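The listed protein sequences derive, respectively, from chains A and B. Residue 51 in our numbering sits at position 51 of the first sequence; the count goes up by one each step and never skips. Residue 1078 in our numbering sits at position 78 of the second sequence; the count goes up by one each step and never skips.
The hints are simulated quantities; they were obtained by calculation from the structure and are not laboratory data. Please note: incorrect hints may appear among the correct ones.
To give an idea of the interface, some chain A residues facing chain B are shown, with a C-beta separation under 10 Å as derived from the structure [what the hints assert, rightly or not]:
#	residue
1	Ser16
2	Asn32
3	Ala33
4	Ile35
5	Leu38
6	Ile40
7	Ala44
8	Leu45
9	Phe48
10	Lys55
11	Ile56
12	Ile63
Treat the numbers as computed from the prediction; the structure is a model and nothing was measured. For every residue, glycine included, the Cβ atom is placed at its ideal position computed from N, Cα and C.
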Amino acid sequence: MHCAVLWVATPAKAQSLDEQAAAILMGNERLNAVILVLLIIFAALIVFLILQERKIKNLEKKILKSYE
Amino acid sequence: MYKSMVARYGYKLVGAALVAYSVVMGLWIEVPQLPILGQSIRNLFYHVPLWFSMTFLLMLSAGNSIRYLSSSDLRCDALAAAQVRIALWFGFVGMLTGMVWARTTWGAWWVNDPKLLGAAAGILFYLAYEVLRGAIDDADRRARIAAVTNIIFFCMFIPTIFIIPRLTDSLHPGSGGNPAFNIYDLDHRMRWVFYPAVVGWMLVGVWLASLSARLELLHLIAAGILNKSALRSSSGHEG
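Assemble the whole structure, with the sequences as input and the hints as a guide.
So this is what it looks like as structure tokens:
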């Protein structure tokens, strides 16, 4: 409904009404999905690094023990 | 010395730079405004390269399994296993990110669509591969059986994820009457971000897999299965 209000409030310049309506409707719509996707990828990278870190730590312990 | 540094880190830096470029440019550039997709069309730069890289890694892995069968070199097996592991990782992340995208465009986290079911089945093949590896203790036996299984799974994976969904109707782009990469769909500005993203993620995937494989080699050496000399000639042993 507020889209309709904006539509009326925006003076027509070079754009047609349809284009203005499209711009208003699109705006930043659904950008949150992109940000969530980026966060998931980043979180996965960090989890992978932490798991590698733990594996290396275990291996270091194992090797140190074998020299005792 | 300098040359070997470039050889060792070159592709990793290129991969990291391409991914960084795609993350920034993917949010920066103007995208075509399409109904329903809206701004979420930018997920093309982040979600799709994960699947391309997964397939690329599985291809490399099948190649390394063939190399193992012809050489009985456990380093090839370690590399094949690591590439499957990272490919699975990419698959899970690709699945999760796809679900986010599906929620915002199709209205549900999951739909029983041929493309999605194919992807899930493909991931299950390789989970079975992991289970199989975990079930065999002897390193040489494990490597041989895993190599054969890996080659068979790759031959099943490609039709499951790329061919069958194309033969039926699917919501997912690139399937049925729903193309993804033709001139009408992929804007030329988007190509300049999408293709670098694909190459970047592939290189980063190879890097992650090489880390995982080197760790596996150290395990084999610590367990006394491989000799220390396996390390010396394994540098640059990434592909």
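Against the structure, the hints:
1. At a threshold of 10 Å, the smallest CB-CB gap from A/Ser16 to chain B is about 14 Å, leaving the interface hint violated.
2. Interface restraint check: A/Asn32 against chain B, minimum CB-CB distance 8 Å, threshold 10 Å, status holds.
3. Contact between A/Ala33 and chain B, as hinted, is supported at the beta carbon level, the nearest pair being about 4 Å apart and thus within 10 Å.
4. A hinted interface residue such as A/Ile35 counts as satisfied when its beta carbon comes closer than 10 Å to some beta carbon of chain B; here the least separation is about 9 Å, so the hint holds.
5. Proximity of A/Leu38 to chain B holds as hinted, the smallest CB-CB distance being about 6 Å (cut-off 10 Å).
6. Satisfaction of the interface hint for A/Ile40 is found here, the shortest Cβ-Cβ separation to chain B being roughly 5 Å, below the 10 Å cut-off.
7. Nearest Cβ of chain B to the Cβ of A/Ala44: about 5 Å, under the 10 Å cut. The hint holds.
8. Given the 10 Å rule on beta carbons, the hint for A/Leu45 holds: about 9 Å separates it from the nearest Cβ of chain B.
9. Hint status for A/Phe48: holds, given a least beta-carbon distance of 6 Å to chain B, under 10 Å.
10. Given hint, A/Lys55 at the interface with chain B, holds; its Cβ is 6 Å from that chain's nearest Cβ, closer than 10 Å.
11. Annotation: interface hint on A/Ile56 holds; nearest CB of chain B at approximately 7 Å, less than 10 Å.
12. For A/Ile63, the suggested interface contact is upheld, since its CB lies about 5 Å from the closest CB of chain B, less than 10 Å.
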